[in-house]
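**Student:** Sequence:
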Amino acid sequence: MSRHDMLQWVNTMVQGHFKKIEELSSGVAYCQMMELIFPNCINLKRVKMSAKLEHECLHNLKLFQSAFTRLKLDKAVPIDRLIKGRFQDNFEFLQWFKKFFDSQAPGLENIKSAANAPIPKPIKPRGFAKELAKAVSPPSNGTGAEEDLTTRDLMSEMQTLSIKIDGAIVTRDECYNKLLQIERLMDDVTNSNNHAEFCSRIYTVLYKTMDGQPSAEIQGINGNAVSNSEMVEPEADGEY
1 MSRHDMLQWV NTMVQGHFKK IEELSSGVAY CQMMELIFPN CINLKRVKMS
51 AKLEHECLHN LKLFQSAFTR LKLDKAVPID RLIKGRFQDN FEFLQWFKKF
101 FDSQAPGLEN IKSAANAPIP KPIKPRGFAK ELAKAVSPPS NGTGAEEDLT
151 TRDLMSEMQT LSIKIDGAIV TRDECYNKLL QIERLMDDVT NSNNHAEFCS
201 RIYTVLYKTM DGQPSAEIQG INGNAVSNSE MVEPEADGEY
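Numbering follows full-length UniProt numbering, with no gaps: position 118 of the sequence shown is 118.
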């Protein structure tokens, strides 16, 4: 990463305004980023945020070093070199700290970047209402009237198709229920020899209407009429 990329990364993480690498010798940014990685490792109230003088920068860098000691991390901060404010020394240490930061807190950079992203301005209600009115209002020329008529025809056709679909669904459910009942009947009489009764029960199911009453088609099947007394009523659990 270039010096500009590194400064942008630091400013993003601490919401700072550092313009030069040399300014990081104050130790403020390092203390803030260390607190991001290891919360409560540094008391930020003790950090001199506007450090300019050498003894102020030294105070901050010592707080930074004490955090490594408290966390039992084997790293000696080159305070004597950083406090001199030379570009090369501070840039080399910043490169090391960037790697250390990424290894200890992967993904934190993306979270901070998203948190610092500018919030889009909301749409004004009046302008939004005007745009919406323009979008839904039909044009005043003849072409608009024809398009409006075509839209109504399409809506009417969609309603008709919806009714037909509903009827097909009802028919499908009726057929499915009948086949399911037949399957249960066949399971009941698999080992039974009473085939006449078995057939009568199947016919009753096949020709029963949706309201549970026998239809006229059940009469005369195989020369035998099935009366209402011979109807097989469902039990409480729905089986026959």
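By construction, these hints were calculated from the structure, which means they are not laboratory data. Please note: incorrect hints may appear among the correct ones.
To be verified - Listed next, the in silico PhoX-like pairs over lysine-lysine satisfying Cα-Cα at most 20 Å (straight line):
{"no.": "1", "residue 1": "52", "residue 2": "62"}
{"no.": "2", "residue 1": "45", "residue 2": "20"}
{"no.": "3", "residue 1": "98", "residue 2": "19"}
{"no.": "4", "residue 1": "52", "residue 2": "72"}
{"no.": "5", "residue 1": "52", "residue 2": "84"}
{"no.": "6", "residue 1": "72", "residue 2": "19"}
{"no.": "7", "residue 1": "48", "residue 2": "62"}
{"no.": "8", "residue 1": "19", "residue 2": "52"}
{"no.": "9", "residue 1": "20", "residue 2": "48"}
{"no.": "10", "residue 1": "20", "residue 2": "52"}
{"no.": "11", "residue 1": "48", "residue 2": "84"}
{"no.": "12", "residue 1": "19", "residue 2": "45"}
{"no.": "13", "residue 1": "72", "residue 2": "99"}
{"no.": "14", "residue 1": "20", "residue 2": "84"}
{"no.": "15", "residue 1": "72", "residue 2": "62"}
{"no.": "16", "residue 1": "45", "residue 2": "75"}
{"no.": "17", "residue 1": "48", "residue 2": "19"}
{"no.": "18", "residue 1": "75", "residue 2": "20"}
{"no.": "19", "residue 1": "75", "residue 2": "52"}
As the list claims (entries may be wrong) - Label-pair restraints from in silico Cβ distances:
{"no.": "20", "residue 1": "69", "residue 2": "15", "range": "56 to 64 Å"}
{"no.": "21", "residue 1": "151", "residue 2": "197", "range": "57 to 65 Å"}
{"no.": "22", "residue 1": "12", "residue 2": "76", "range": "51 to 59 Å"}
{"no.": "23", "residue 1": "66", "residue 2": "88", "range": "51 to 59 Å"}
{"no.": "24", "residue 1": "19", "residue 2": "72", "range": "18 to 26 Å"}
If you're wondering where the values come from, they're calculated on a predicted model, not measured in any experiment. Think of the CB as a built atom: it goes at the ideal place given N, C-alpha and C, for glycine as much as any other residue.
**Student:** Which earlier hints turn out false for this structure, listed by number in ascending order?
**Tutor:** Result: hints 2, 4, 6, 12, 16, 18, 19, 20, 22, 23, 24 break, sorted rising.
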